[in-house]
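Undergrad: Residue-level listing of the chains:
Number of protein chains: 2
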Amino acid sequence: MKNIIFNLGPESDVIISSRIRLARNLRDFPFPLKMNPKQSEEVLESIKEVLVNNYQDMNFINVNELSEVELFSMVEMHLISPEFAMSKKPKGLILSDTDIISIMVNEEDHIRIQALASGFQLENVWKMCLNIDNSLEEKLDIAFSDTFGYLTSCPTNVGTGMRVSTMLHLPALVMSGYINKILEVCNKLGIAVRGLYGENSKAHGNMFQISNQVTLGLDEYEIVNNVKNIVKHIIDQERILRNELYKQNPIIIEDKLSRSYGIFTNAKILTSEEAFKLISDVRLGLEMGIIKDIDMYKINEIMLFMQSANLQRLSGKKLSLQEINIKRAEIVQKIIKNK
Amino acid sequence: MKNIIFNLGPESDVIISSRIRLARNLRDFPFPLKMNPKQSEEVLESIKEVLVNNYQDMNFINVNELSEVELFSMVEMHLISPEFAMSKKPKGLILSDTDIISIMVNEEDHIRIQALASGFQLENVWKMCLNIDNSLEEKLDIAFSDTFGYLTSCPTNVGTGMRVSTMLHLPALVMSGYINKILEVCNKLGIAVRGLYGENSKAHGNMFQISNQVTLGLDEYEIVNNVKNIVKHIIDQERILRNELYKQNPIIIEDKLSRSYGIFTNAKILTSEEAFKLISDVRLGLEMGIIKDIDMYKINEIMLFMQSANLQRLSGKKLSLQEINIKRAEIVQKIIKNK
Numbered sequence: 059m060k061n062i063i064f065n066l067g068p069e070s071d072v073i074i075s076s077r078i079r080l081a082r083n084l085r086d087f088p089f090p091l092k093m094n095p096k097q098s099e100e101v102l103e104s105i106k107e108v109l110v111n112n113y114q115d116m117n118f119i120n121v122n123e124l125s126e127v128e129l130f131s132m133v134e135m136h137l138i139s140p141e142f143a144m145s146k147k148p149k150g151l152i153l154s155d156t157d158i159i160s161i162m163v164n165e166e167d168h169i170r171i172q173a174l175a176s177g178f179q180l181e182n183v184w185k186m187c188l189n190i191d192n193s194l195e196e197k198l199d200i201a202f203s204d205t206f207g208y209l210t211s212c213p214t215n216v217g218t219g220m221r222v223s224t225m226l227h228l229p230a231l232v233m234s235g236y237i238n239k240i241l242e243v244c245n246k247l248g249i250a251v252r253g254l255y256g257e258n259s260k261a262h263g264n265m266f267q268i269s270n271q272v273t274l275g276l277d278e279y280e281i282v283n284n285v286k287n288i289v290k291h292i293i294d295q296e297r298i299l300r301n302e303l304y305k306q307n308p309i310i311i312e313d314k315l316s317r318s319y320g321i322f323t324n325a326k327i328l329t330s331e332e333a334f335k336l337i338s339d340v341r342l343g344l345e346m347g348i349i350k351d352i353d354m355y356k357i358n359e360i361m362l363f364m365q366s367a368n369l370q371r372l373s374g375k376k377l378s379l380q381e382i383n384i385k386r387a388e389i390v391q392k393i394i395k396n397k
Numbered sequence: 059m060k061n062i063i064f065n066l067g068p069e070s071d072v073i074i075s076s077r078i079r080l081a082r083n084l085r086d087f088p089f090p091l092k093m094n095p096k097q098s099e100e101v102l103e104s105i106k107e108v109l110v111n112n113y114q115d116m117n118f119i120n121v122n123e124l125s126e127v128e129l130f131s132m133v134e135m136h137l138i139s140p141e142f143a144m145s146k147k148p149k150g151l152i153l154s155d156t157d158i159i160s161i162m163v164n165e166e167d168h169i170r171i172q173a174l175a176s177g178f179q180l181e182n183v184w185k186m187c188l189n190i191d192n193s194l195e196e197k198l199d200i201a202f203s204d205t206f207g208y209l210t211s212c213p214t215n216v217g218t219g220m221r222v223s224t225m226l227h228l229p230a231l232v233m234s235g236y237i238n239k240i241l242e243v244c245n246k247l248g249i250a251v252r253g254l255y256g257e258n259s260k261a262h263g264n265m266f267q268i269s270n271q272v273t274l275g276l277d278e279y280e281i282v283n284n285v286k287n288i289v290k291h292i293i294d295q296e297r298i299l300r301n302e303l304y305k306q307n308p309i310i311i312e313d314k315l316s317r318s319y320g321i322f323t324n325a326k327i328l329t330s331e332e333a334f335k336l337i338s339d340v341r342l343g344l345e346m347g348i349i350k351d352i353d354m355y356k357i358n359e360i361m362l363f364m365q366s367a368n369l370q371r372l373s374g375k376k377l378s379l380q381e382i383n384i385k386r387a388e389i390v391q392k393i394i395k396n397k
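Residue numbers (this note's numbering), protein chains in the order written: chain A, 59 to 397; chain B, 59 to 397.
The set of hints was computed from the structure by calculation and includes no laboratory data. Among the hints, erroneous ones may be present.
Given that identical chains are not distinguished, each listed pair holds provided it fits within a single copy or across any two copies.
Listed next, the in silico SDA-like pairs over lysine to any residue satisfying Cα-Cα at most 20 Å (straight line) [unchecked claim]:
1) Lys-305 <-> Leu-198
2) Lys-326 <-> Leu-303
3) Lys-350 <-> Lys-392
4) Lys-314 <-> Glu-332
5) Lys-314 <-> Lys-335
6) Lys-395 <-> Asp-351
7) Lys-326 <-> Ile-352
8) Lys-305 <-> Asn-245
9) Lys-395 <-> Asn-301
10) Lys-239 <-> Asn-192
11) Lys-305 <-> Ile-327
12) Lys-92 <-> Ser-211
13) Lys-392 <-> Asp-351
14) Lys-376 <-> Thr-214
15) Lys-326 <-> Leu-344
16) Lys-375 <-> Leu-124
17) Lys-314 <-> Lys-392
18) Lys-305 <-> Gln-380
19) Lys-185 <-> Lys-197
20) Lys-314 <-> Glu-331
21) Lys-146 <-> Val-133
22) Lys-376 <-> Asp-351
23) Lys-96 <-> Asn-120
24) Lys-326 <-> Glu-345
25) Lys-326 <-> Gly-347
Let the hints inform the model, and build the full structure from the sequences given.
TA: Right, here's the structure in full:
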């Protein structure tokens, strides 16, 4: 499996992944909401031409032909948005061989460029996005205003069209309750904190998405730097608290995390919520050197495959909720034991 | 380790062990409560002489020289009673090489003969007790009344002086609530149901000691048969209920028992109560074929060594309650992983 989230990047004890997306639109077409099917097709063709011709490692995926389960598997892999999966309009996805870069065509904007890498790699993902963006701007007329910057369907994206986000694992901040202070500060600084699947999603397994709210009035460099500095600060806080919690009562922490590992690797029924909670403990145990029987690569693999749509894709059929919970426990044990 | 309880006997899916003890006294001495130290020594010497000289595989243990931790380790192995461990009078223990037969001298009675075997083996342990009893009666003048039978310190033992007991693991009867019906019926039939360590002890881990209450008015054969028949009935009930519980919802049972196995093998702190609860689930999982990573021999070994006095004996020092709970979790993992 090539999905990039399996690998470990810099600061992987706290940062799971870094992601940047750029929203772009073609000047000569209405925004997707207003397009007719013919215009949608034209937009799709022109972007496909530029990217698939320009890059040997970029592939066009005809998402209109995919089943619901396949589409939601891609949502779980963070390759497409849930809205994109559900949209009935002509749409397309261009994906790099490594799954690092994905470009949704005809989502909320004509073009959504995304680069996703493991660990703390904001500069790298930014470079990748810029590279794609430059290729598009060379060949296509992108909607841009000297006053407002890049124009987008939703005013919250106008300006840079940029969303910089990182996925953080913050168990010690949650355990100690300091997470509320962090949320407060982030809010004041124009930084959004969300759950694993973006807006309105809950923070399962102590995992938080931290991203910029403001896209206008700052340049790209400033946006990346703002997120980077706040995330660095959160990393420090999380690390200090982990050490303190452990120092205060090592055996209690060891007992708690080891029990979670025992349940995680033996249960026959696992709800998504419990699985994320247990994964949080297992990650922390691994990072602290308490759990040694498994590596982080497997945990990342489990985190991806244990999700509902991926479980159904692997089973080759729609499953009931109970069947999904049983299949989830099976996959966890399979990945841990058989590889 | 030679302790007999590690092995598996007949009907070991439900019956952990079978035990018979006979209470006997020498006619020419007062009962232990009334003896002076000189008399205690004389009783001790005469019994020791008969048994240690008669049997090559019987060894005299000078329990007066043992530490409290060593004595209570023997209580946990069911070789001696707690009262015997605590008594300050001259006392002695005669133990067979295999730990199957143990004879306490100067407990509540001058002689307490016990035979303990794994599984459902009441006839066998009875034969062993009788064999020792015959040797003693040949050489010594045993207190016996034609009206009352064998005379004992406590009137509840007068007659046969016989206590027949079996240790049963009854998780399905407990889960289904039917255990209360069993307790009621046993009570009416003069059968006592107790926890793991006899009178006043709680039923940890769904383990129950089932024994005769009446020693007078029935002969030995009838007492053994009464207990045997009731136990057979309980075995049947337990087996039927296990099957029914499993048939009703196999995955729920598998999940419950597998989780217990996961916690049992990974926890870093285990109280005695939790450990027995988890062992009950692990035993049931093993017997049902749900848990396959461990054998019953190891479970029996753990059940013995995880108890407080044995843990302290293995550590070579007195431990605090928290230290015992940590040591218990260590021993569980050591026995499971290293052997």
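Undergrad: Given a CA cutoff of 20 Å, do Lys-305 and Asn-245 count as a within-copy pair, a between-copy pair, both, or neither?
TA: neither (31 Å within a copy, 53 Å between copies)
Undergrad: At 20 Å max between alpha carbons, let me know whether Lys-239 reaches Asn-192 within a copy, between copies, both or neither.
TA: neither (39 Å within a copy, 80 Å between copies)
Undergrad: How would you classify Lys-185 and Lys-197 at a CA-CA limit of 20 Å: within, between, both, or neither?
TA: Answer is within; shortest intra-copy Cα gap is 19 Å, inter-copy 99 Å.
Undergrad: Can you give me the call for Lys-314 and Glu-332, within, between, both or neither, at a CA distance of at most 20 Å?
TA: Classified as both: same-chain Cα gap 14 Å, cross-chain 15 Å, threshold 20 Å.
Undergrad: At most 20 Å between alpha carbons: which applies to Lys-326 and Gly-347, within, between, both or neither?
TA: Classified as between: cross-chain Cα gap 14 Å, same-chain 26 Å, threshold 20 Å.
Undergrad: Within a copy, between copies, both or neither: where do Lys-375 and Leu-124 come within 20 Å Cα-Cα?
TA: within (14 Å within a copy, 67 Å between copies)
Undergrad: Between copies, within a copy, both or neither: which fits Lys-146 and Val-133 at Cα up to 20 Å?
TA: The answer is within: 16 Å in one copy meets 20 Å, while 74 Å across copies does not.
Undergrad: When no copy is specified for Lys-96 and Asn-120, does a C-alpha distance of 20 Å or less occur within a copy, between copies, both, or neither?
TA: Within. Shortest intra-copy distance 16 Å satisfies the 20 Å Cα cut-off; inter-copy 100 Å does not.
Undergrad: Given identical chains, is Lys-326 near Glu-345, meaning Cα to Cα at most 20 Å, within a copy, between copies, both, or neither?
TA: between (26 Å within a copy, 18 Å between copies)
Undergrad: Measure nothing new, just compare the shortest in-copy and cross-copy C-alpha distances for Lys-395 and Asp-351 to 20 Å and report within, between, both or neither.
TA: For Lys-395 and Asp-351, the Cα distance is within 20 Å both inside one copy (10 Å) and across copies (12 Å).
Undergrad: Measure nothing new, just compare the shortest in-copy and cross-copy C-alpha distances for Lys-314 and Lys-392 to 20 Å and report within, between, both or neither.
TA: between (23 Å within a copy, 19 Å between copies)
Undergrad: Could you figure out if Lys-326 and Ile-352 sit no more than 20 Å apart (CA to CA) within one copy, between two copies, both or neither?
TA: both (19 Å within a copy, 18 Å between copies)
Hints 1, 8, 9, 10, 14 and 22 from the earlier list are contradicted by this structure; the remaining hints agree with it.
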